[in-house]
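There are 2 protein chains.
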Amino acid sequence: MNQVFLKTLAREATVHTPVWLMRQAGRYLPEYRATRARAGSFLALAKTPELACEVTLQPLDRYPLLDAAILFSDILTVPDAMGLGLYFAEGEGPRFERRIEGEADVAALPLPDMETDLRYVMDAVRLIRKTLDGRVPLIGFSGSPWTLACYMVEGGGSDDFRRVKTLMYKRPDLMLELLRRNANAVAAYLNAQIQAGAQAVMIFDTWGGVLGDGLFQKFSLAPMRWVHDALLRSRQEDGIEKPVPSIVFTKGGGLWLEEIAAIGCDALGLDWTVNLGSARARVGQRVALQGNLDPMALMADPAQVQAQALRVLESFGLPQAGVGHVFNLGHGISQFTDPEHVTALLEAVRDFSSKQRKSVECA
Amino acid sequence: MNQVFLKTLAREATVHTPVWLMRQAGRYLPEYRATRARAGSFLALAKTPELACEVTLQPLDRYPLLDAAILFSDILTVPDAMGLGLYFAEGEGPRFERRIEGEADVAALPLPDMETDLRYVMDAVRLIRKTLDGRVPLIGFSGSPWTLACYMVEGGGSDDFRRVKTLMYKRPDLMLELLRRNANAVAAYLNAQIQAGAQAVMIFDTWGGVLGDGLFQKFSLAPMRWVHDALLRSRQEDGIEKPVPSIVFTKGGGLWLEEIAAIGCDALGLDWTVNLGSARARVGQRVALQGNLDPMALMADPAQVQAQALRVLESFGLPQAGVGHVFNLGHGISQFTDPEHVTALLEAVRDFSSKQRKSVECA
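One line per chain: the protein sequences are A and B, in this order. Under my numbering, the residue at position 316 of the first sequence is numbered 316, and the numbers go up by one with no gaps. Under my numbering, the residue at position 247 of the second sequence is numbered 247, and the numbers go up by one with no gaps.
Fair warning: there could be bad hints in the mix.
The list makes no distinction among identical chains, and a pair is therefore deemed to hold if it is satisfied within one copy or across any two copies.
To be verified - 27 Å max Cα-Cα, derived DSSO-like pairs, lysine-lysine:
{"hint": "1", "residue 1": "K251", "residue 2": "K218"}
{"hint": "2", "residue 1": "K170", "residue 2": "K251"}
{"hint": "3", "residue 1": "K47", "residue 2": "K130"}
{"hint": "4", "residue 1": "K170", "residue 2": "K130"}
{"hint": "5", "residue 1": "K358", "residue 2": "K7"}
{"hint": "6", "residue 1": "K7", "residue 2": "K355"}
{"hint": "7", "residue 1": "K218", "residue 2": "K170"}
{"hint": "8", "residue 1": "K130", "residue 2": "K355"}
{"hint": "9", "residue 1": "K130", "residue 2": "K7"}
Hints listed in this document are in silico derivations from the structure and should not be mistaken for laboratory results.
Given these sequences and hints, build the entire structure.
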């Protein structure tokens, strides 16, 4: 198997900088749009293991330079399995039929059963692992407890997070109870993905960055630590010393890297506002770094895309034992991306990072 | 006149922490909604000096504890005066009839004449100064060159800034030419507001934080430095040694405070992700700090609002000569705010910060 991604998460030396792209199985690919049309809806696509497997592998088939696959699924499968009724209104984002308003709603939230309520996800993981047949590692994922809570309380996306923040400021106890339940479910969900075959897991803390300093630590970071603690316990119960590596990505969390790096994760996802060299100096000895090209850089011409990719690699600096860099975007790839530009990007990362290592060896 | 705000910007000792609120003249006030209804439209309100003056003073009349007034106007008056045709579709954000697409559009952008094209703004400033009659200082403002460019290229608001970033990545030269024109116009605009009576100016860099590290410095920060350089030159030409103080607020710019503090401004606006104590340690000897309560904290009960306000004051730490803190929100106040909660907030800031100073004097 291509071990470059997993070795980098372990901060071991590799022959090049590994790369994958958030949302790499997505609407920018015509083959994805064809499968999506066949499925009839986004949720049907996500809930049918054969189709989820098909789209997960599409970018790997098109781009042999990708170093990892990521499970194709939705970020809101867990609250859906808790009974909130996920749906997608045409041309809009995700919505829930029922949203969390008060104590009774929180108390009624069940811990979903991973092999029944969320069996379609685990079946997809198993099928993808089997179909990948060792080509590249498979990443599983979940939304963070706070990010899930945002959607669960707002009932969908939000501009100002008024409902979820009102609950947090007025009823911090109830918010923490909701987050505790979410953390239990997220831990069970990631654990089940690992048992089904995921070789790394990523927590998308998409909305952690909307919280104030102090509140982020209490309402987003601490629940992500609970998830890590639970994962570690589960692995220990299984007699496995080292859990599979985890990546935590708090969008807009650049000010809190030291604190995020301390919760037990193996890597930090970084958005493009963070200078990789500074991040490396701050936390590079403790965690690997993943990121951080602006997805909109892919809108430029291929040569310009490549120049921007080199800027990212150069900002991280020369490879060195004990630090690790996984090249990625700082957010999901845009549906408006030209697939040829992705080819240019991947070639630049592979070429430049291989040469970087040779220059280090010669020096 | 109440000098507490201006003294704090100069980092001189004051008897309490001054406070004003971004968008303090706004929809959360019933008296504002009444004037807005009388005006017929938001733009009519902004473009009629008597009405702009009326709403600017409304929060001062309701809240005697406010330490500053801010000109009521729109952030997009400058591109409107450049001929782009600002309008507001019902229930939506600002839109332009014409947007910037290519070289010809940029080349055609005129430098507006401040006393004809934007006379309604200068008349409002003069009328507000006269009507305030020395109660509190008046803050003028402008959008940053980059923030204006975002709206000018997108044609309105945006989720992903695809158009403006595509232009930036594909045609950095043309983007810089647009920013140069915007910077000239912003400098002339702020300068005219100062000559009309503004006693401090604020630059709202609302969208600087969507730029990657390295690109922020080139496409948002540098143009704001050009504005400051131009303001300084104008004041020197007028034989005035010290220009009026300026505040720069880059939302999401917490990683770049040192660089922003170095462009010649007197204060930094901070959003709520930034810890005030950390910011003080980083740049507090060079600039005053303004912020940074989450506007959504005002959704909680009054006692909870006050507790959150104290957290902000405590995070800044004890007042001391050579540092300055202007209490504010980290973003504009929400239209859903209960005006009574603002009273609770202002009382807490005044009481606590006065006592803080007495405790320092006694120590």
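Task: Structure-inconsistent hints, enumerated in ascending order - done: 4 and 8
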